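Given chain G's structure and the hints, the job is docking chain B onto it.
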Amino acid sequence: MSAEVEVDQVLVIARDIFSSMIDGEAGFLESWVGEPPVLAEPVVAWVDLRGPWSGRAALRTETPTAHNLSRALLGMSADEEVSDADLADAVGELANVVGGNVKALLPEGGKLGLPEVAAELPLTADAVLMHGVALAWRGRPLVVEIWALPTLDQP
Amino acid sequence: MRALVVDDSRTMRRIVAGILERQGFEVLQAEHGEEALAVLEEDDRFDLLCIDWNMPVMDGLELVAAVRKNRQWRNITMMMVTTEAEQSQIVRALAAGAHEYLIKPFTPEELRAKLELLGLVSVKELA
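From first to last, the protein sequence lines are chains G and B. Mapping of the first sequence onto UniProt numbering: residues 1 to 155, in sequence order. Mapping of the second sequence onto UniProt numbering: residues 1 to 127, in sequence order.
Just so you know, the hints here were simulated from the structure itself, not pulled from any lab data. Any given hint could be a false lead.
[Unchecked claim] Where chain G lies over chain B, by a calculated footprint (3+ residues, C-beta under 8 Å):
1. 64-71
2. 78-88
[As the list claims (entries may be wrong)] In silico lysine-lysine, DSSO-like type, Cα no more than 30 Å apart, as pairs:
3. K111/G - K114/B
4. K69/B - K111/G
5. K114/B - K69/B
[To be verified] Using C-beta positions, here's what the derived DEER-type ranges look like:
6. L94/B - K111/G: 18 to 24 Å
7. T107/B - L114/G: 20 to 26 Å
8. G34/G - G24/B: 47 to 53 Å
9. A26/G - R92/B: 29 to 35 Å
10. V33/G - D47/B: 46 to 52 Å
11. E41/B - S31/G: 47 to 53 Å
Small disclaimer: the values here were computed from a predicted structure and weren't measured. Glycine included, each C-beta is placed from N, C-alpha and C at the ideal position.
Next comes chain G alone, as it looks inside the complex (with noise of 0.2 Å):
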């Protein structure tokens, strides 16, 4: 998977996915400076994938920028209400972007799972981590991370 999937890889899709769909234009996505950083309130979206190659894709961020992200992608207004069904619903979706432009570069490709939005993101015993992109949105932390399941169920 490290040598199909470079870190470099999983940036611009995150660049590319952030300038179309939540921002407009690109510039506001940077990669973090520093030690990684600590989430307050974490959330965390993900999607299975399934086939030769057996992992997750998922994004990390706070709590308070997940409702940003998700007023960002619904054009929603600073001040506007995120329901948690359409904050779980908006961080899930773009988990699944993620998670299908990443699907999209195995060479023998596989099956993409539905989202999955909590807190926590679980993981079995040999979950080998091999990507964790640290970003900053707007200033606020946003980690993308590409996890190995090899014991995920097949399709």
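Below, chain B without anything else, positioned relative to chain G:
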């Protein structure tokens, strides 16, 4: 013009519907293929179906095949709007009967360009 947006993500349905409405479409929404078929059975006066691939209950590829099988719906244009970006998947969708294919993420301009390619909006409307 009428469009049916089929996606299990309400976020994506709202994004796609918003772009289509700004182009003058009347837009209805469905959460998965089976719900879309129920909408079509009720009223099939649609010019465009925008269809996600990965959905629960009935996925987008199954929906495309089901619509294509019904001669009554042969004039409905179908566009996949999906994260499935591999060439092999695009070929599968087109072979099943989809007319166009848009990979997420996309910009509003890219969706509007696809509508123009499909002859559903004019260049003048795009300007």
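Status of each hint after checking the structure:
{"no.": "1", "hint": "64-71", "in the structure": "violated (count 0)"}
{"no.": "2", "hint": "78-88", "in the structure": "holds (count 6)"}
{"no.": "3", "hint": "K111/G - K114/B", "in the structure": "holds (26 Å)"}
{"no.": "4", "hint": "K69/B - K111/G", "in the structure": "holds (25 Å)"}
{"no.": "5", "hint": "K114/B - K69/B", "in the structure": "holds (24 Å)"}
{"no.": "6", "hint": "L94/B - K111/G: 18 to 24 Å", "in the structure": "holds (19 Å)"}
{"no.": "7", "hint": "T107/B - L114/G: 20 to 26 Å", "in the structure": "holds (25 Å)"}
{"no.": "8", "hint": "G34/G - G24/B: 47 to 53 Å", "in the structure": "holds (49 Å)"}
{"no.": "9", "hint": "A26/G - R92/B: 29 to 35 Å", "in the structure": "holds (32 Å)"}
{"no.": "10", "hint": "V33/G - D47/B: 46 to 52 Å", "in the structure": "holds (49 Å)"}
{"no.": "11", "hint": "E41/B - S31/G: 47 to 53 Å", "in the structure": "holds (51 Å)"}
Of the numbered hints given earlier, the model fails hint 1 alone.
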